[in-house]
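Chain order of the listed sequences is G and A. No gaps in the numbering here: position 491 of the first sequence is 491 in this note's numbering, and each next residue is one more. Quick note: to get this note's numbering, add 1000 to the position in the second sequence (first position is 1).
Derived from the structure by calculation, the hints contain no laboratory data. Heads up, some of the hints might be wrong.
Claimed, not checked - List time: in silico SDA-like cross-link candidates among lysine to any residue, alpha-carbon distance up to 25 Å: (1) Lys195/G - Ile1053/A; (2) Lys195/G - Trp1087/A; (3) Lys1077/A - Leu236/G; (4) Lys1077/A - Trp268/G; (5) Lys442/G - Phe511/G; (6) Lys1077/A - Gly237/G; (7) Lys195/G - Arg1047/A.
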Amino acid sequence: MGRFSHAAGRRIVTFGMVTYDSSGAASPESLSPGFLARTLFNTGHKAIGLRYLWLALGSVLVGMLLSLLMRIHLGWPGLQIPLLSGFGGTAERYTALTMLHGSLMVFLVLTTAPQAGFGNYFLPLQIGAREMAFPIMNLVSLWGTAVSFVGMTTAFFVRPNVGLTLWTASVTLFCLAALLTALNFTITTLDLRAKGMTLPRMPLTVWAWFINAILSMLIFSILLAACVFLLSDRLLGSQFFSPLTFLSRQAPTIGPAAWLSLWQRLFWFFAQAEVYVAMLPCFGIVSHLLSTFSRKPVWAERAAVLALCAVGLFGFCIWGQHMFSSGLNPWSPLVFSMLASSLGLPACVLVLSWFGTLWNAKIQLNTAMLFALGFVSLFLSGGVSGIVLARNDLAAASLSDEFVTGHFHLVMGVAATFGMLGSLFFWFPKMFGRRLNEPLGKLHFWLTFGGVYCVFMPMHWLGLIAHWRPSAAVIGTNTPMVESFDIPFSASLRTFVTAATILTVAAQSLFLANFFWSLWRGEKIEDRNPWRATTLEWTLLSPVPTHNFDVTEPVVFRGAYEFSGSIGAEDFTAQNIAPAPVDPPLAARECVSDSAKEI
Amino acid sequence: MPGTSIVDELELIIEDIGGGGGKHPPPGGDDGDEGGKRRGPQMPSSRRYTTAIAIGIVSIIMFFMAMASAYLYLRAKSGWVPLHLPWIVWVNTAILLLSSGAMELARRRLALADVAQFRRLWTVATSLGVIFLVGQLAAWRQFVLAGFYVSTNQGSSFFYIFTGLHGLHLVGGICALLYVAMRKFEKAKLSRVVAAEVASYYWHFMDGLWIFLLALLYLGK
Chain G
1 MGRFSHAAGR
11 RIVTFGMVTY
21 DSSGAASPES
31 LSPGFLARTL
41 FNTGHKAIGL
51 RYLWLALGSV
61 LVGMLLSLLM
71 RIHLGWPGLQ
81 IPLLSGFGGT
91 AERYTALTML
101 HGSLMVFLVL
111 TTAPQAGFGN
121 YFLPLQIGAR
131 EMAFPIMNLV
141 SLWGTAVSFV
151 GMTTAFFVRP
161 NVGLTLWTAS
171 VTLFCLAALL
181 TALNFTITTL
191 DLRAKGMTLP
201 RMPLTVWAWF
211 INAILSMLIF
221 SILLAACVFL
231 LSDRLLGSQF
241 FSPLTFLSRQ
251 APTIGPAAWL
261 SLWQRLFWFF
271 AQAEVYVAML
281 PCFGIVSHLL
291 STFSRKPVWA
301 ERAAVLALCA
311 VGLFGFCIWG
321 QHMFSSGLNP
331 WSPLVFSMLA
341 SSLGLPACVL
351 VLSWFGTLWN
361 AKIQLNTAML
371 FALGFVSLFL
381 SGGVSGIVLA
391 RNDLAAASLS
401 DEFVTGHFHL
411 VMGVAATFGM
421 LGSLFFWFPK
431 MFGRRLNEPL
441 GKLHFWLTFG
451 GVYCVFMPMH
461 WLGLIAHWRP
471 SAAVIGTNTP
481 MVESFDIPFS
491 ASLRTFVTAA
501 TILTVAAQSL
511 FLANFFWSLW
521 RGEKIEDRNP
531 WRATTLEWTL
541 LSPVPTHNFD
551 VTEPVVFRGA
561 YEFSGSIGAE
571 DFTAQNIAPA
581 PVDPPLAARE
591 CVSDSAKEI
Chain A
1001 MPGTSIVDEL
1011 ELIIEDIGGG
1021 GGKHPPPGGD
1031 DGDEGGKRRG
1041 PQMPSSRRYT
1051 TAIAIGIVSI
1061 IMFFMAMASA
1071 YLYLRAKSGW
1081 VPLHLPWIVW
1091 VNTAILLLSS
1101 GAMELARRRL
1111 ALADVAQFRR
1121 LWTVATSLGV
1131 IFLVGQLAAW
1141 RQFVLAGFYV
1151 STNQGSSFFY
1161 IFTGLHGLHL
1171 VGGICALLYV
1181 AMRKFEKAKL
1191 SRVVAAEVAS
1201 YYWHFMDGLW
1211 IFLLALLYLG
1221 K
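Can you build the whole structure from these sequences, using the hints too?
Below, the structure written as structure tokens:
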């Protein structure tokens, strides 16, 4: 405490509260934060964003190793690996393995990296702000998320009973952190935009982060409520879900179905929309990358924005329907199925917008663009199997776990990872002042792209095979012990999937090598804007200075995707370039309507 | 194209409430606070606090709605044991309503720049809030004496979780009220008027939320 009350502690508060509104003598540049303020208590949005990305990188590595372990257990159930075999040797351990893999990947990678990681770093930069609206709250969310990561991982290693309580507590903490982050994002986008950054001028990335923040705020509240119920059942002995904690002498009169279905409903209200929470920022980033590297404006930009809004809305309504139609009444499959299918509409608009952008364009096939294109491909392939699942008659016939696993990994997990990798290659120069190695990046892309198709496409196939054979219902369950190898074809297909998983995971070492090598030894970037992009972050030095924009406040004069309509020799016009005509505000207005006409 | 007009309208609405990116930058700050000071490179509007509380309230509503729907769902199942609310919750409700009233009176005094009277009324509102919390603890005690524990049945579980979580939110509210009462606003970037406004929104919301939860428990008994 003594140390905290010292200058460092004081600076922390100053650093968090007034960076941008101190004036004169107390200008931000005069502060040189101490060690603690730079590390643990750094409230700068860039530092926090980077920390989220590191957390996600750690989680994705652990999660990937766990998936490898699962495949090895499935492929060679009898194999004994020193140290690791204990993790998935029995059916319970295998389930715990799946749960840890799922929690890490969904919460700490898919939810955290595109939104809290890249979003924290680039949202203020792209809207011309100096900081998030509430920096200290942002720091609290970061540490909440980090603690929940530790909690979830520790839960795997302790006794199952304690582990489940710990896991639930960690998820509760994660929900609280996610809610604070979402609140921060919404307010930053609403209130901290630079002059001239009107809604139609916001980059699609910002739109996606904004819509995603609103969606997260609504759905993480639901998961929080469900977790509070569960925790209270486990710790206080309340009776929301479980008859096990029944202490009074009364006999439980309610059937267990009611408790189970309550948890399932609360959880799925959240989980249905959680898919879109993972995907929305990636939609924004991919549209942004496709436009930048096609050197063309986003085709039908406003329709794409509306489609992003619609994805958020429909994603929310699916559980809304779930709630009102099935909360008190019998299940209503028709409505649910129709709504799930209706998600196809905004998805189609987005895909059309992407293809429209690519049409007749001078495409620059660098690694970031390759990953964006890979995202489109994976999203389409995964989306097609999604249509099958959305039809309730087909889905009700239970296409088996493997079909569903293949579907959601392709469309949600891997596609979103491609979105993140694309953004990393795109923004790496801005974050670190160096470039990632392009040839190595491309090799990594092609190996991963081929690899994930080899892993997840046969999984769909395996699911269909299991569906054809009525006796296969047992095989579909995730327990390795009951894996049967009576059909040579599906057995060899499973081995193929396992081999492809090993190769794909091995290919990630290329990425890691590239990442760490480029971090210290990569080609230095002198140019502020190596990709010739239009948004505000590229007007700054790389890496971005601590307080983003200098004393001069950025002013925005045009939309985020003005390619080809150039002023001067370049084929793009940055958002902060004032138009040449006499009356600037009028001209800025015209510029917007011009770009709208082009659309 | 209809989309165009929707986006334009949305933009106007959000600029109106958000004060974010306008097309014609006003020459000075329009924030109300920091009047004489040079406007910093980018002085965020104090409206972000009101926006924050509005959005935070939506999030809290979602949280309690999830709980309320679980309540309605489980209640509709067979085997629901009727719940008898302790009488003291009605007294507590009256106290909380009085607290909200005192807060509104305090804000009126503040609008007239009568800070001394404001402080007095604000303290009354805060104290009534604390009394409400103590009253809720007394309600728990009454409930326990009547033989209802958290684990007795689902109805009692809901009674404890609703009152407990509402109380927890209220503790946050009391901290906010104490902050407004004790903070010296001369040097703060947040003006007392805005702080009192934001705190009062939350407080009135807590009031409404309690009435909703009580109605749920009473009508659903």
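Verification of the hints:
1. Lys195/G - Ile1053/A: holds (24 Å)
2. Lys195/G - Trp1087/A: violated (56 Å)
3. Lys1077/A - Leu236/G: holds (23 Å)
4. Lys1077/A - Trp268/G: holds (20 Å)
5. Lys442/G - Phe511/G: holds (10 Å)
6. Lys1077/A - Gly237/G: holds (20 Å)
7. Lys195/G - Arg1047/A: The hint holds at about 16 Å.
This entry does not satisfy hint 2, going by the numbered hints stated previously; all others are met.
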